Every structure is written in structure tokens, then in C-alpha cells.
Amino acid sequence: QKEVEQNSGPLSVPEGAIASLNCTYSDRGSQSFFWYRQYSGKSPELIMFIYSNGDKEDGRFTAQLNKASQYVSLLIRDSQPSDSATYLCAVNFYSGAGSYQLTFGKGTKLSVIP
Amino acid sequence: DGGITQSPKYLFRKEGQNVTLSCEQNLNHDAMYWYRQDPGQGLRLIYYSQIVNDFQKGDIAEGYSVSREKKESFPLTVTSAQKNPTAFYLCASSMARGSGANVLTFGAGSRLTVL
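Read top to bottom, the protein sequences are chains R and Z.
With my numbering as the guide, the letters of the first sequence map in order to residues 1 to 114.
With my numbering as the guide, the letters of the second sequence map in order to residues 1 to 115.
Hints were generated in silico from the structure; no laboratory data involved.
Here the structure is a predicted model, which means the values were calculated and not measured.
Where a beta carbon is used, it is the ideal one built from N, C-alpha and C, also for glycine.
Watch out, some of these pointers could steer you wrong.
Below, a sample of chain R positions facing chain Z; criterion: calculated Cβ distance under 7 Å [stated by the list, open to error]:
hint : residue
1    : Pro44
2    : Asn92
3    : Leu102
4    : Phe104
5    : Gly105
For lysine-lysine, the following DSSO-like pairs were computed, each having C-alpha atoms within a straight-line distance of at most 27 Å [unchecked claim]:
hint : chain 1 : residue 1 : chain 2 : residue 2
6    : Z       : Lys83     : R       : Lys2
7    : Z       : Lys9      : Z       : Lys57
8    : R       : Lys106    : Z       : Lys9
9    : R       : Lys56     : R       : Lys106
10   : Z       : Lys83     : Z       : Lys9
11   : R       : Lys42     : Z       : Lys14
12   : R       : Lys106    : Z       : Lys57
13   : R       : Lys42     : Z       : Lys57
14   : Z       : Lys57     : Z       : Lys70
15   : Z       : Lys71     : R       : Lys42
16   : Z       : Lys71     : R       : Lys106
Residues of chain Z clear of chain R, computed beta-carbon distances all greater than 10 Å [unchecked claim]:
hint : residue
17   : Leu11
18   : Phe12
19   : Gln17
20   : Thr20
21   : Ser22
22   : Gly42
23   : Arg44
24   : Phe55
25   : Ile60
26   : Arg68
27   : Ala81
28   : Asn84
All chains should be built: construct the whole structure from the sequences, respecting the hints.
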């Protein structure tokens with residue numbers, strides 16, 4: 001069974017601080033990793049994806065991947081109240097015959113306090 | 001603008017009734033998906049389709065049915081056999097399921113409540 005684990009939170013950070021969201025996954029052969037943001041009652045929207053070990057930066061967001069530790073994280077710098085949402089980690093697992101299946105974690109709820 | 005349209009946004013169903021959720025995309029994506037989300041839970045895959053007239057069961061297909069007669073459309077029917085259908089249903093699409101990239105674009109969702 002392919003599993004993606006996230007701390008459900010809530011994670012509370014003050015405005016302007018760095019929020020750190022973490023995710024672990026069970027399959028060492030996983031190729032690609034995604035972070036989605038979901039506001040309450042809305043659908044998920046892609047923040048960023050990462051394929052290679054190391055860091056990938058996009059504006060205030062940095063994704064970090066460590067395949068040896070089977071760990072991916074999302075850092076949000078200068079957190080704003082508008083960042084308050086649930087963050088979903090998703091991992092693309094190889095399911096055989098050239099096919100991949102995207103598995104989502106349960107999400108971490110982030111609250112940025114003004 | 002390209003995107004995915006789901007309808008209806010809210011739907012109420014009596015026990016024993018089948019209901020169909022609509023999903024239409026104009027992104028020219030090959031692959032389409034249906035997910036279910038329950039409060040405090042991640043997304044669970046119901047069905048997916050990589051090409052027209054072909055679809056595969058996901059992790060929780062029991063009590064659901066789909067069709068893919070056109071590339072743009074992937075409707076989901078929640079049948080009376082689904083014992084706990086109250087949930088938020090999300091339709092998504094991607095360029096191709098076979099690749100390792102699999103960037104999903106989601107519709108706005110349909111919230112189904114069983115009375």
C-alpha cells in the first residue's frame with residue numbers, strides 16, 4: 001500500500017514567520033512530488049512540484065526533497081493570513097505497466113495569525 | 001479560458017436514488033479523474049480514464065459508475081449501492097496519466113448530501 005503521511009495540524013504561525021510543512025512517503029521509487037493548497041470548501045490548486053533532490057524555489061514557497069529519507073517539505077516564507085489553508089502533499093507512485101498513480105496525504109491545516 | 005466545469009455545485013439526494021455529477025473540460029487533456037474527499041481526509045480516487053471509451057477503477061469504485069464517450073466529458077453516477085455517499089466530489093484532468101508528471105487541474109467540486 002502506497003502511503004503519504006502528513007501531520008494534520010493545525011499548525012499556527014505568526015504573520016511574517018516561516019511555515020514548515022512536512023510529508024513522508026512509503027515508496028522509495030517515487031518520481032514526482034506535489035504540493036496543493038486547498039481553501040475551506042474549495043478545490044485544491046497546485047502550488048509547486050519537485051522531481052529532484054534538493055530545493056526548488058518559487059516566490060515565497062520552497063519545496064525540499066530528500067529521496068533517501070523519503071521526505072518532502074514545503075516552506076512558506078513571510079507567511080500571510082491569506083496562506084491560511086490546508087496543504088496537501090501528493091506523491092506519484094509507479095503502479096506498473098508504465099502507469100503512475102497520484103496518492104494524496106490527508107493534509108496539514110495552516111493558520112497564520114495576524 | 002480553459003478549465004474544468006463541474007455541476008451541480010450542491011446536490012441533495014434521497015436514499016435509494018442515483019445521481020449523476022457532470023464534469024466537462026476544455027483543456028484538451030487526455031486523462032480525467034474523479035476523487036472523493038471527506039472532512040479531514042485526503043483525496044481518494046474513485047475512477048480514472050486515460051482515453052475515450054476506457055476507464056479504470058480507483059481505490060473506492062464500489063457504488064459508483066462512469067462513462068467516457070467524449071474526450072471532454074467524464075460524468076460520475078453515484079448509485080444507490082454507495083452506502084455513504086455524502087462527500088465533496090472533485091473532478092480533475094491531466095495531460096496524460098502514463099507519465100511521471102501528472103499535474104492535475106481540478107474543477108470547483110460538487111458537494112453531495114444524502115437526506
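Checked hints:
1. Pro44: 5 Å, holds
2. Asn92: Nearest chain Z Cβ about 5 Å off; hint holds.
3. Leu102: 5 Å, holds
4. Phe104: Hint on R/Phe104: holds, closest Cβ of chain Z at ~4 Å, below 7 Å.
5. Gly105: 5 Å, holds
6. Z/Lys83 - R/Lys2: 25 Å, holds
7. Z/Lys9 - Z/Lys57: 24 Å, holds
8. R/Lys106 - Z/Lys9: 23 Å, holds
9. R/Lys56 - R/Lys106: 23 Å, holds
10. Z/Lys83 - Z/Lys9: 21 Å, holds
11. R/Lys42 - Z/Lys14: OK: R/Lys42 and Z/Lys14 at ~24 Å, within 27 Å.
12. R/Lys106 - Z/Lys57: This hinted pair holds, its Cα atoms lying about 21 Å apart.
13. R/Lys42 - Z/Lys57: Given pair R/Lys42, Z/Lys57 holds - Cα atoms ~25 Å apart, limit 27 Å.
14. Z/Lys57 - Z/Lys70: 18 Å, holds
15. Z/Lys71 - R/Lys42: The hint holds at about 25 Å.
16. Z/Lys71 - R/Lys106: Given pair Z/Lys71, R/Lys106 is violated - Cα atoms ~30 Å apart, limit 27 Å.
17. Leu11: Per Cβ check, Z/Leu11 is outside 10 Å of chain R; nearest 15 Å; holds.
18. Phe12: 17 Å, holds
19. Gln17: The claim stands: Z/Gln17 keeps its Cβ more than 10 Å from every Cβ of chain R (closest is about 24 Å).
20. Thr20: Consistent with the label, Z/Thr20 stays out of reach of chain R, its closest Cβ about 19 Å off (over 10 Å).
21. Ser22: 15 Å, holds
22. Gly42: 4 Å, violated
23. Arg44: With a cut-off of 10 Å, Z/Arg44 comes too close to chain R, as the shortest Cβ separation is near 8 Å.
24. Phe55: 13 Å, holds
25. Ile60: 13 Å, holds
26. Arg68: 16 Å, holds
27. Ala81: Correct as stated: the minimum Cβ-Cβ distance to chain R is 24 Å, above 10 Å.
28. Asn84: 18 Å, holds
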